[in-house]
Amino acid sequence: MTRIVLSKPDIDRALKRIAHEIVESQRGESGLVFLGIPTRGIHLAQRLAALVAEIEPQDVSVGTLDVTMFRDDLAAKSTRMTVPTEIPASGVDGRTVVLVDDVLYSGRTARSALDALTAIGRPSIVRLAVLVDRGHRELPIRADFVGKNLPTSTSERVNLSLVESDGVDEVSIA
Amino acid sequence: MSIVIRGASLCGETSADILIENGVITDVGTVSVRATRVIDANGLIALPGLVDLHTHLREPGGEGAETILSGSRAAASGGFTAVHAMANTNPVADNANIVERVQERGRQAGYVEVRPIGAVTKNLEGEQLADIGAMARSTARVTVFSDDGKCVGDSLLMRRALEYVATFGGVVAQHAQDPRLTIDALVNEGPVSADLGLRGWPSVAEESIIARDVLLAEYVGARLHICHLSTAGSVDVIRWAKKRGIAVTAEVTPHHLMLTDETVRSNSPIFKVNPPLRTAEDVEALRAAVADGTIDIVATDHAPHASATKDCTWHDASFGMVGLESALPVVLATLVEPGHVSWKDVARIMSTTPATIGRVHGYDAPLVVGSPAHITLVDPTSRGTWSTDRLEGLSTNSPYLGIELPGRIVGTLFNGTETVVDGTLVDAEALRKP
Amino acid sequence: MKHLLSTRDLSRDDAVAILDTALDMAEVRQRDVKKLPTLRGKTVANVFFEDSTRTRLSFEAAALALSADVTTFTAQGSSVSKGESLKDTLQTIEAMGADFIVLRHQHSGAAQAVVDNRWVDAHMINAGDGTHEHPTQALLDAMTMRSRLKGDAARGSDLDDISITIVGDVVHSRVARSNAWLLHTLGASVTFAAPRTLIPRGIDHWGAKVVDTLDEALDERPDVVMCLRIQRERMSSGFFPSETEYSTVWGMTPARLAALPDTSIVMHPGPMNRGLEIAGSVADSAQSTVTDQVTNGVATRMAVLYHLMGADS
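Those protein sequences? They're chains L, C and U, same order as listed. Using our numbering, read the first sequence as starting at 1 and increasing by one per residue. Using our numbering, read the second sequence as starting at 1 and increasing by one per residue. Using our numbering, read the third sequence as starting at 1 and increasing by one per residue.
For the record, the hints were derived by calculation from the structure and aren't laboratory data. Be aware that one or more of the hints could be misleading.
In silico DSS-like pairs for lysine-lysine, Cα to Cα no more than 30 Å straight-line [what the hints assert, rightly or not]:
#1 U:Lys34 - L:Lys77
#2 C:Lys243 - C:Lys150
#3 L:Lys77 - U:Lys2
#4 U:Lys35 - L:Lys77
#5 U:Lys150 - U:Lys35
#6 C:Lys150 - C:Lys122
#7 U:Lys34 - U:Lys150
#8 C:Lys344 - C:Lys243
#9 U:Lys150 - U:Lys209
Okay, the calculated bits of chain L under chain U, using three or more residues with CB under 8 Å as the criterion [to be verified]:
#10 71-78
#11 111-119
A few chain U positions that, by computed beta-carbon distances, are all more than 12 Å from chain L [stated by the list, open to error]:
#12 Asp14
#13 Glu94
#14 Gly97
#15 Arg148
#16 Glu233
#17 Pro261
#18 Asp292
All values reported here derive from a predicted model rather than from experimental measurement. Glycine is no exception: its CB is placed at the ideal position from the N, C-alpha and C atoms.
Construct all of the structure, not just a fragment, from the sequences and the given hints.
This is the structure we're talking about:
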């Protein structure tokens, strides 16, 4: 049984709120870099960057951070394809990096992302933004910006669809 | 001691009883005499005892792979009553001492007649003739001379060998392989060797030597035997030579009648053999050549190897397959069942003619009164998956393991003595009891 | 994939996936921190029965870049080159803890034999077996062709419409075999140019065209000319009479380079015999990809190690 927990207006609202919170937290500092974690984090990063730029014109750049090679479960799972990492020309050194992912669960992807980022440079601040936090953390990691907290059981599956990749904006639980 | 074999089909034709007294066939037909032993052979084919012109018994020097006793047992279980032991032992059978010892060890084993083959050249080195006369005049009465495993490559030496061996009424059995054209060769040259990056063994390396040797044999007026033909081109050369009246005989192995070089793609060294397995077209040509008489005999080239020499890379593996036990089943599958030859032909190509080429006594009039009782009883309807249970020798390098083969040797009589009873090899102790 | 033994059984999708990962690995190699933690705690054993410093160093660099521990075994000479020793050597190395074995062996089929006979459980990478295959070389060559000829459109693409002339000692070349099969799988068209002594018999089914002279191949204006290394001892074995004659008819000379379109590239797996199969100035020209191939070699081998490590392999 599948139930829809977030529809398009819910997602839009959540992202808008996150954008505002990010602007708020910047306190006028510039040099914001959104790095999307593949695959849906990439689209969310792009949307957030656009929303932030609308709220307050500033130096915002967007990139992609592939975390595949930093995962701790590679030998246990079937081979995952890597995705190109694209760091904006300005780099990440001394900037505020917002890592963007779709769903925060065990925290292992976020951990991989922190390691992957370390290999690329040294931002002054790193934040984590997620559209959905479904709980069940396995590592001491929390998100700075959360679109929606979704209490789930581990047996449930959270499906997050975005227009860019799936044709529709929707979060459901199965 | 008298034995009566009841109701066997003689060479696949009429059924009859065979009476054997004191090792000799004394009656064929309806035998009413009460015998000491009666073998019910209803539904079985009686063949003259099989004669292998090409066997590697490995003794002396290679007893880890086979001995004269273990090879004799393998032979008897395959329906053979005589085998020719190749000379490439260590030391090489290039003198009277060795051939006499080999023959004596065969006699002691008691399962088959072991006829030593003498080397053509000293230590198989292809440089100087071996003690051919001494071997021919020894108690072993050697009549077949071969450097098998190696080709007598030097043309002048081959001419001399043909002439000298003819002096003693013998025959040279040539391993036709141009040494220069096959340096480091590992597999038939063609798509398989190209794909696997293994050094190719061109068919012309065999055919050119055969062509040269039939011309030499004609020129000096000697008899020539060609071992293990493996290519369609070789068949053409032999056919031409025979038409011309040259005294050449030719053999083919069971494996060259069944297997192709495509097996090499398995990368399993069990299929590594000299000459190499060839193409499906070659296999067809070889079968047709047996059917039309161009190829005279089937000989096993039984080549046992210890397992370590096959549990390695293709390159490092030894050449050779065991074949005594499986010879008749493979002949049945490749020649009889497809209709290329009759059972009568099987008697010819696996007994009478090899005995003629090797000058083995007692095989010229098979299954008739007065002949020595060398008899093989075959159940042609039996079929089974070939397994190591069917192997009686010391080595298990059979390429047929896991393959279904027809036919089963139910009985073998060597000089009237049963070496195989009800499909089971008689053990050595029992065999020696009078 | 558990092992990489051959390009012959590599599917188009698997090959493209490895090449795409290799692009990402190449990007990592450009960073200040060039190392990935991917193979931390794993051991890659480089087992080289035949000397090949450049291949060994390339695999070592790839393994180290993925944070693997690396052990290296090199053996030359006849005492350890027997089959029993191959089995024993590999079992010993695995017993010391090797998760990946990179095997270079002078005998065709050696890596395949190790896998077929289950002498070891480790992931096997064939780093060159006799005159048979050298799959990572073919993959790095394909990566080089894709990047140089397709630029930004490289990712996800195969080599459809690309024409390659492979010139030289095809019969003894594992590079030629692995390339011919991989290129065929990737949709490229391959032409061999060599004296007939250096073309194997029985390759009709490879789908490659065979011509006698290099000029005949160059008339078709290939996108790629790949020169194979010529072993000097082939002369004494009668494959061709002299270096001069070889370089005159089959050497990649400046004049031949000039006749090629500017967009065509010249490849060589190395080590080169300058002046024999390739002129020095051609090797150093902008159209030469020799150093690209070395760079791409590390990225490709990283990608291969990565693709073998997954649990579906």
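Hint check results:
Between the alpha carbons of Lys34 of chain U and Lys77 of chain L the distance comes to roughly 24 Å, so the proposed pair stays at or under 30 Å and holds. A threshold of 30 Å between alpha carbons decides the hint, and for Lys243 of chain C with Lys150 of chain C the separation of about 28 Å falls inside it, so the pair holds. Our distance criterion of 30 Å between C-alpha atoms is met by Lys77 of chain L and Lys2 of chain U, whose separation comes to about 13 Å. At roughly 22 Å between alpha-carbon atoms, Lys35 of chain U and Lys77 of chain L fall within 30 Å of each other, so this suggested pair holds.
A distance of roughly 27 Å separates the Cα atoms of Lys150 of chain U and Lys35 of chain U; the hinted pair therefore holds under the 30 Å criterion. For a cut-off of 30 Å, the pair hint linking Lys150 of chain C to Lys122 of chain C stands: about 12 Å separates their Cα positions. Of the pairs offered as hints, the one joining Lys34 of chain U and Lys150 of chain U holds, with about 25 Å between alpha carbons and a cut-off of 30 Å not exceeded. The hinted pair formed by Lys344 of chain C and Lys243 of chain C meets the criterion: a straight-line CA distance of about 24 Å does not exceed 30 Å.
Note on Lys150 of chain U and Lys209 of chain U: the hinted pairing holds, with a Cα-Cα distance of about 24 Å set against a maximum of 30 Å. Evaluation of the coverage hint for the segment 71-78 of chain L: fulfilled, as 5 residues show C-beta separations to chain U shorter than 8 Å, against a requirement of three. Check on the segment 111-119 of chain L: 3 of its residues sit with their Cβ under 8 Å from a Cβ of chain U, so the three-residue criterion for coverage holds. Its beta-carbon lying about 10 Å from the closest one in chain L, Asp14 of chain U breaks the requirement of being farther than 12 Å from that chain.
Its beta-carbon lying about 17 Å from the closest one in chain L, Glu94 of chain U satisfies the requirement of being farther than 12 Å from that chain. Once the 12 Å rule is applied to beta carbons, Gly97 of chain U is consistent with being away from chain L; the minimum gap is 15 Å. For Arg148 of chain U, the condition that its CB be more than 12 Å from all CB atoms of chain L holds, with the nearest at approximately 18 Å. Listed as a non-interface residue, Glu233 of chain U keeps its Cβ farther than 12 Å from every Cβ of chain L; the least gap is roughly 42 Å.
For Pro261 of chain U, the condition that its CB be more than 12 Å from all CB atoms of chain L holds, with the nearest at approximately 30 Å. No Cβ of chain L comes within 12 Å of the Cβ of Asp292 of chain U; the nearest lies about 19 Å off, and the non-interface call holds.
When the structure is compared with the earlier hints, a violation turns up for hint 12 alone.
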